[in-house]
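Since the structure of chain A is provided, determine the placement of chain B on it from the hints.
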Amino acid sequence: DAGVIQSPRHEVTEMGQEVTLRCKPISGHNSLFWYRQTMMRGLELLIYFNNNVPIDDSGMPEDRFSAKMPNASFSTLKIQPSEPRDSAVYFCASSLASWEGEVTETQYFGPGTRLLVL
Amino acid sequence: AQSVSQHNHHVILSEAASLELGCNYSYGGTVNLFWYVQYPGQHLQLLLKYFSGDPLVKGIKGFEAEFIKSKFSFNLRKPSVQWSDTAEYFCAVNARGFQKLVFGTGTRLLVSP
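Residue numbers (the working numbering), protein chains in the order written: chain A, 1 to 118; chain B, 1 to 113.
So here's chain A without its partners, still in its complex pose:
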């Protein structure tokens, strides 16, 4: 398996521009997670989906951030308009969650998108 695929790997943009980050989860996984990593705040969960449905978006910083998962093999995280404080590494992770009994699962991370907003 190719693992979790993210694109682009690097993005440099100017303040005010729209940024779209893309993620392809591992085939067969039914849960997808978006994280942001910064020096100041470490790794933060932004949002996650189960079976393409957003479950918890409490980590999304503000209305400028939005995420979609139109199908089981694709998700986007959009920032509009972007600001310098959005500069970070954005990771996507996926897992195969089972709800038969207790949930025990491992999240597998993609290589990340390093975003720089000037």
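Hint data in this document are derived by calculation from the structure and do not stem from the laboratory.
Ideal Cβ placement from N, Cα and C applies to all residues, glycine included.
There's no promise every hint is true.
Below, computed lysine-lysine pairings styled on BS3-like, alpha-carbon distance capped at 27 Å [what the hints assert, rightly or not]:
{"no.": "1", "chain 1": "B", "residue 1": "Lys100", "chain 2": "B", "residue 2": "Lys49"}
{"no.": "2", "chain 1": "A", "residue 1": "Lys24", "chain 2": "B", "residue 2": "Lys100"}
{"no.": "3", "chain 1": "A", "residue 1": "Lys78", "chain 2": "B", "residue 2": "Lys100"}
{"no.": "4", "chain 1": "B", "residue 1": "Lys61", "chain 2": "B", "residue 2": "Lys49"}
{"no.": "5", "chain 1": "B", "residue 1": "Lys69", "chain 2": "B", "residue 2": "Lys49"}
{"no.": "6", "chain 1": "B", "residue 1": "Lys71", "chain 2": "B", "residue 2": "Lys61"}
{"no.": "7", "chain 1": "A", "residue 1": "Lys78", "chain 2": "A", "residue 2": "Lys24"}
{"no.": "8", "chain 1": "B", "residue 1": "Lys69", "chain 2": "A", "residue 2": "Lys68"}
{"no.": "9", "chain 1": "A", "residue 1": "Lys78", "chain 2": "A", "residue 2": "Lys68"}
{"no.": "10", "chain 1": "B", "residue 1": "Lys71", "chain 2": "B", "residue 2": "Lys49"}
{"no.": "11", "chain 1": "A", "residue 1": "Lys24", "chain 2": "B", "residue 2": "Lys49"}
{"no.": "12", "chain 1": "B", "residue 1": "Lys71", "chain 2": "B", "residue 2": "Lys100"}
Far from chain B, some chain A residues (derived; all Cβ distances over 12 Å) [stated by the list, open to error]:
{"no.": "13", "residue": "Met15"}
{"no.": "14", "residue": "Gln17"}
{"no.": "15", "residue": "Arg22"}
{"no.": "16", "residue": "Glu44"}
{"no.": "17", "residue": "Pro70"}
{"no.": "18", "residue": "Glu83"}
{"no.": "19", "residue": "Pro84"}
Facing chain B, from chain A, some residues (calculated, C-beta under 8 Å) [to be verified]:
{"no.": "20", "residue": "Ser31"}
{"no.": "21", "residue": "Gly42"}
{"no.": "22", "residue": "Leu43"}
{"no.": "23", "residue": "Leu45"}
{"no.": "24", "residue": "Tyr48"}
{"no.": "25", "residue": "Asp56"}
{"no.": "26", "residue": "Phe91"}
{"no.": "27", "residue": "Ala97"}
{"no.": "28", "residue": "Thr106"}
{"no.": "29", "residue": "Gln107"}
{"no.": "30", "residue": "Phe109"}
{"no.": "31", "residue": "Gly110"}
{"no.": "32", "residue": "Pro111"}
{"no.": "33", "residue": "Gly112"}
Chain B alone, transformed into the frame defined by chain A:
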């Protein structure tokens, strides 16, 4: 809500030294526990995990961790580190039955040759 504390932010060791990285969590219920590693410029990779059973868990590359429920701890150990172990190590926990994974702030390990 769960929280995870990694008290050592930076650790510097010489090759062949023994390693122990601390991880404590706060949550009263049953948890799943993970250690992830992030090599320079790379993504997070799973080192090991604990769901249930033997509290001493062995992972890849000679790492192991011990879950001590009474201490709410899941410390990572390796008897003899190598230069290639230079990386950032993250402890993470999720409450059993919930998917949200909470990460510690990470420990940067530098192993000098």
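Problem - Hint numbers contradicted by this structure - result: 8, 16
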